[in-house]
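Student: The task is simple: from the sequences and hints, build the whole structure.
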Amino acid sequence: GAVVSQHPSRVICKSGTSVKIECRSLDFQATTMFWYRQFPKQSLMLMATSNEGSKATYEQGVEKDKFLINHASLTLSTLTVTSAHPEDSSFYICSATAQRGADTQYFGPGTRLTVL
Amino acid sequence: GQSLEQPSEVTAVEGAIVQINCTYQTSGFYGLSWYQQHDGGAPTFLSYNGLDGLEETGRFSSFLSRSDSYGYLLLQELQMKDSASYFCAVRDPGAGSYQLTFGKGTKLSVIP
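Line order of the protein sequences matches chains L and G. The opening residue of the first sequence carries number 53 in the working numbering; numbering runs sequentially from there. The opening residue of the second sequence carries number 9 in the working numbering; numbering runs sequentially from there.
Keep in mind the hints are simulated off the structure, nothing from the lab. Since this is a predicted model, take the numbers as computed values, not measurements. Warning: the hint list may mix true and false statements.
List of simulated lysine to aspartate or glutamate pairs, DMTMM-like, C-alpha gap at most 25 Å [stated by the list, open to error]:
id, chain 1, residue 1, chain 2, residue 2
1, L, K93, L, E139
2, L, K93, G, E63
3, L, K72, G, D47
4, L, K93, G, E13
Tutor: Pasting the structure below:
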């Protein structure tokens, strides 16, 4: 149980375009989803926390107008990287918790974004 | 703020035991978790310590001492497939009730 999927797994796009990444909890309802970014050989950096039906809470330094997060249902959250630039190239990972205050986050397989 | 310290790299021999330490400084503390991440993959949950002491799950064990702000992950009977990065993470209420702050990770290399 507790499976989280992400789509796409890899995406290559041109600079200036927008890219949408989907995160789905397949066998549970996710009250909270998290979006992380990870650069090569570095740790996971939390970008934002998303609760179903409410606006995402962004971490300091993360531009909310550039990284649009929508948590439309208890099983789906989307991250849209708008006007992508090469420096946005990274590994984007989502995670989800099955209940509020849960200690265990279940991670998706990640999305490798390359902006040319 | 929150900070977690763990060694950047560890090398160990197949079949041996290795311990990865983690010290933390956080404004609050709800527990210490450990995650494994293989190259190119997503993190997978290994263990969680909310209270002091040792938690054992198969070949992996995790220990916590809240008074020392210290924990470790112990891997026994190392296998080649254990080569991965291991992250400790603290659930810190000061950062939001549900958020984890990750350490920078320890890259474990298991050699024959």
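Student: Work down the list of hints and note, for each, if the structure agrees.
Tutor: Evaluated hints:
1. L/K93 to L/E139: 16 Å, holds
2. L/K93 to G/E63: Since the Cα atoms of L/K93 and G/E63 sit roughly 28 Å apart, the hinted pair is violated (cutoff 25 Å).
3. L/K72 to G/D47: Roughly 24 Å separates the two Cα atoms, so the pair holds.
4. L/K93 to G/E13: 16 Å, holds
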